[in-house]
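For chain A, the structure is supplied; the task is to place chain B on it using the hints.
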Amino acid sequence: MNKVIKLRRGLDIRIQGVADGSLRAPAFFHEDYAVKPVDFWDMRPKLLVEAGSVVKAGTPLFYDKNREAVKVTSPVSGTVTEIVYGPKRRIEEIRLKADKEMAYETFTAYSAADLAAWDGSKRDTAVRQLLDAGLWAFIRRRPYDTVADPQRRPRDIFISCFDTAPLAPDMDMLAHGREEDFQAGVDVLRTLTAGKVHLGLHVQKNNAVAFTECKRAELHYFEGPHPCGNVGIQIHHIAPIDKGEEVWYVHPQDVMIMGRLFLKGRYDATKIVALAGSEVIRTSYHKVLAGVSVRYFLQDNVKGMERGLEVLDGDNRHSVDGHPADIRVISGNVLTGTKISAQGYLGAYDHLISVIPEGNRFRFMGWMTLGLNMFSFSKTFFSWLFPQRTYRIDTNVNGGKRAFVLTGEFEKVLPMDIYPMQLLKACITQDIEAMENLGIYEVAPEDFALCEYIDASKTDIQQIIRDGLELMRKEMSE
Amino acid sequence: MLRKFLDRIKPQFEKGGRFAFLHATFDAFETFLYVPDTVTVKGAHVRDGLDMKRAMIMVVLALMPCFLFGTYNVGLMHYNALGESAAFWPTFWFGCTKVLPMLIVSYVVGLGIEFIFAQYRGHEVNEGFLVSGFLIPLICPPDVPLWMLAVATAFAVIIGKEVFGGTGMNIWNPALLARAFLFFAYPAHMSGDEVWVADATSGPTALASVSQGQAANLPDLSQLFFGFMPGSVGETSKLCILIGAAILLWTGIGSLRVMLSVVLGGLSMGLIAHAAGATVATPWQQLLMGGFLFGAVFMATDPVTSAQTNWGKVIYGFLIGVLAVLIRVFNPAYPEGMMLAILFMNTFAPLIDYLVVNRNIQRRQRRLKLKNATK
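As they're listed, the protein sequences go chains A and B. Read in order, the letters of the first sequence are residues 5 to 482 in this note's numbering. Read in order, the letters of the second sequence are residues 669 to 1043 in this note's numbering.
Keep in mind the hints are simulated off the structure, nothing from the lab. Predicted, not measured: the structure shown is a model, and the values here were computed from it. Don't take each hint at face value.
[As the list claims (entries may be wrong)] List time: in silico DSS-like cross-link candidates among lysine-lysine, alpha-carbon distance up to 30 Å:
#1 Lys766(B) x Lys307(A)
#2 Lys672(B) x Lys247(A)
#3 Lys383(A) x Lys429(A)
#4 Lys50(A) x Lys60(A)
#5 Lys710(B) x Lys405(A)
#6 Lys307(A) x Lys710(B)
#7 Lys429(A) x Lys200(A)
#8 Lys478(A) x Lys69(A)
#9 Lys307(A) x Lys343(A)
#10 Lys1039(B) x Lys429(A)
#11 Lys710(B) x Lys69(A)
[What the hints assert, rightly or not] Chain A side only, calculated, beta carbon under 8 Å to chain B, not exhaustive:
#12 Gly363
#13 Gly370
#14 Lys383
#15 Asn441
#16 Tyr457
Here a beta-carbon is modelled for each residue, glycine too, at the ideal position from N, C-alpha and C.
Only chain B is shown next, with the shape it has when bound in the complex:
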């Protein structure tokens, strides 16, 4: 029945129709409801069931545990700070009142821009922002003013993505770019030392304690792991992140190479820094603090902005891990290094790929030379 309705109104959105200017929008909603009936014309007659929508939805699904826990945690931190205790649902509900508006703002602004660009370019609307738009509220502190979030999202989508040609062409991870924009444009709100825990109060994050050398203030490892502590919405519970990682790896959407090498890079740099006495945090704490794991699983693995070759991914991931800890330890101005490390390595990913691919080219040329020499 729904199908019939769509078929009936479809002509109005096609060329010459009354709402032709909304073609991309109609198309986006139609394909959202139904996988289109297009059949193969050229090349392979059969195609895999996986399309971009499904791939992106898998990532959103993998983010769900983090999102749900993060929402609950926002409420929990609120009531903890007030010294009250509340039942599960009121706590969750309070979280919703903080997190849902962020999600809505991010989606409305981001998708709005995407739709306009898709219409203008005559493309179909790309699904990439389903993930970016979901990530943005998860990596921001819950007290960020909504208008700032809107400006940051718009910046990320327009300057970070559309100017390069849209999804698939961008250099930097759009969600991180939004975070970076907030960080540099409104440093007072986003310094990272102190984080909002409840109205009118704030507490130091674990990272800030470390950078000030106060090991005693650190939450213990299990608290870090399960995430009942202040922080950005999605990043606190490492358990939920690991569930997400498992989903991404099992479905084959996320890259194991990147995730593992980021962790390895972080651990080794953490070990060096700890052994050298530059920081009070152990490598394990480095791994569990702040947005390290969240970044490793959901941000560094972004296939568009990460290195594309298999060896490139390993190098890229390892350097992210190293850099993130390096920034944490040696740069007192930024207690959290993950965001900058990923954005920095996004920039260098093409260079890494270039070097990796070049080895393949050289191998081929050597083979040719060898053959010509023996002729």
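Next up, chain A with everything else stripped away, as it sits in the complex:
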């Protein structure tokens, strides 16, 4: 085995409700889907369909005005029912009603042996098919953490094959039985880069042959707490990004969808999604299509909601143990995910639905209680007496906003050769040169999510990093 990169710094938040290992196929037909242009946050979407349009799986729904070749397509065949606009006529959702029988747009199919022989000369073929099928949008880049530009050639492509985030799905579960799809996806991605395709694997967690036996890619083994599974952390330890360089990354499940596109010649958006969180009655994995409505999984499956999901409408109000309580449904993990309603839809880049309690309640004398029920990175709560316990963590901020006071804390959860506090301050003061010097190219908001979590000053750190990256992007006219 290769050498293992051991990371010590980080934190596994001990939150209740990890998805149990059962996989559920859809018990009944799922009709409601949506594609959310806001998920591709740096795009300026231009619609290609309107309410009433009939689409197949793989029919373009909109393209990006910044890079017109980049399209996003429908994951299902059916009808567009509604276009939902937000403030300033921002397109928030394109809602779809699926047909019982799925019809697919046809793309070129290749054999696995063909794909294995592909090299850089097939780049244009690969790019065109990925763009046409709407899968290009799932290739993202560092620095700046945006959708990749098809005209560029990245230094390397990275795939993190494990997820260490709170409640994260077990990637082996997602890859089980899909070895061919994954290998095909890797072979396609290989043509895009001048360098290599790098896989980041966890020493103990990753046993799926799709990853461990993957060919024509370089395997790197990691060990450590969250954020070890973040692709940004892995890039930093495998081959850090310098000024002027660009690397791409793709989620393994999207790699499999890409592989399927090239093997079968159609956009089959099937993915496995974990349903987790302390408020879920039966946590599990679900085999679904991208963009599915989460209400199918939450119906009769959220604690204290015997009266049905309808009462959830509006402000998600329901009761737990007779007390009024709220829940928060998150597409993605609790650190970086997006808040959606209980009737909302799975986000484009997400493979997890987390349901946790809202924290809109006052806590009496919070600064002096024993805090047996409070999970904390510090040992200021007596919960440190129970190192094995998991906690029902809610969305309360647990304090007021302050100036940065404590120091040396962020370093403990950011396993990179970067000074987080100094970089944050450079971002806040918009000091371009300092940001560049301190390594802004190597980071993305998600890498700082744990800093945001532990920050006693309750600062919105991910937003600061995002703003810094955006400023940088403008400055470099990227």
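The following block gives chain B in isolation, referenced to the frame of chain A:
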């Protein structure tokens, strides 16, 4: 019920309400009673249980042993000097009559100013002064006139903190600044040679004995360690300081790097000075005398005014230790060097950080150059 009462009176303190000018004050008391019900809007959906209030309270908790012992010790020194002996409670009570007024003055003056500034700036009241205000009485001799203490506190809070933008932005440790203010503005009271032990009498401190070369007058090590001797309120008992240090380190609020490196710096400089014959005090005595340990545990570790990078903290701490002993040994005018050493290194902490961070920057630039060269 309390919650209901707060909810009822809350609107009056909000914008347009009758007491809107007291908004910050109401907010401070409300959040003191209840952690607010705000939920996350942006970024991470869950946040750590630790907030600034809890962090600061932990420091105050860690200071408690020093405070309680210090209070008792004030009484003990009083009765010792009079040649009387008293039971535990009367002794403690006498200490209270000396120490509590100092604490009240420091809190009332300091928090008063903080509240005014918070109101004026539209901030929430910052918890930083809970610690500073607790430290100030602990590092002053118990005989300091209360009006002086009030002036010093006001100086520290306004000039030391608020002019820089409030908690988190200050350059010098506010509590030490108050002490320094007293030291330079009223030197007759605070020379450090002689310290108040009881009404109308005073005795030499251990440090003064050393600087005059009278090794024989030194208390023995165990007395220095347990702290039954004259000195500033909080600094005498090293045992209590170590208990405090343990609390700070275990909860993760205090920095082990700073504490250890200060001690190391002090020991090594003490060793050199002792070996060179410049002082009669052994390195161990240097460590246990005066405010050295108290400064190392509670003052140097102040996260705002210390160096912020991990290596910076080590360098910063080591230099504090070295400087403190250096001042003690070679500057006859100031027998106690800890205060000046910390304030001095507070000033240079940003410079140390700059150098440490620069190494990281250079590493990154070298990597880039190497790559461009091989291209």
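Hints, one by one, checked against the model:
Taking the CA atoms of Lys766(B) and Lys307(A), the gap is near 57 Å; set against the 30 Å cutoff, the hint is violated. Between Lys672(B) and Lys247(A) the CA atoms are separated by roughly 57 Å; this puts the pair beyond 30 Å, and the hint is violated. Restraint check for Lys383(A) and Lys429(A): satisfied, since their Cα atoms lie roughly 27 Å apart, inside the 30 Å limit. A hinted pair counts as satisfied when its Cα atoms are at most 30 Å apart, and Lys50(A) with Lys60(A) qualifies at roughly 19 Å.
At most 30 Å may separate the alpha-carbon atoms for a hinted pair to count; Lys710(B) and Lys405(A) meet this at roughly 13 Å. For the suggested pair Lys307(A) and Lys710(B), the alpha carbons sit about 25 Å apart, so the restraint of at most 30 Å is met. A C-alpha spacing of about 34 Å is found between Lys429(A) and Lys200(A), which places the hinted pair above 30 Å, so the restraint is violated. Only pairs whose Cα atoms come within 30 Å are accepted, and Lys478(A) paired with Lys69(A) is accepted, the gap being roughly 17 Å.
For the suggested pair Lys307(A) and Lys343(A), the alpha carbons sit about 18 Å apart, so the restraint of at most 30 Å is met. Between Lys1039(B) and Lys429(A) the CA atoms are separated by roughly 28 Å; this keeps the pair inside 30 Å, and the hint holds. This hinted pair checks out: Lys710(B) and Lys69(A) have alpha carbons roughly 27 Å apart, not beyond 30 Å. Of the supplied interface hints, the one on Gly363(A) holds, with its beta-carbon coming within about 5 Å of a beta-carbon of chain B, less than 8 Å.
Taking 8 Å as the C-beta cut-off, the interface hint given for Gly370(A) holds, the closest approach to chain B being about 3 Å. Annotation: interface hint on Lys383(A) holds; nearest CB of chain B at approximately 5 Å, less than 8 Å. Because the smallest distance between the Cβ of Asn441(A) and any Cβ of chain B comes to about 4 Å, under 8 Å, the interface hint for this residue holds. Taken as an interface hint, Tyr457(A) checks out: its beta carbon lies about 5 Å from the nearest beta carbon of chain B, inside 8 Å.
Comparing the model with each earlier hint shows violations of hints 1, 2, 7; every other hint is respected.
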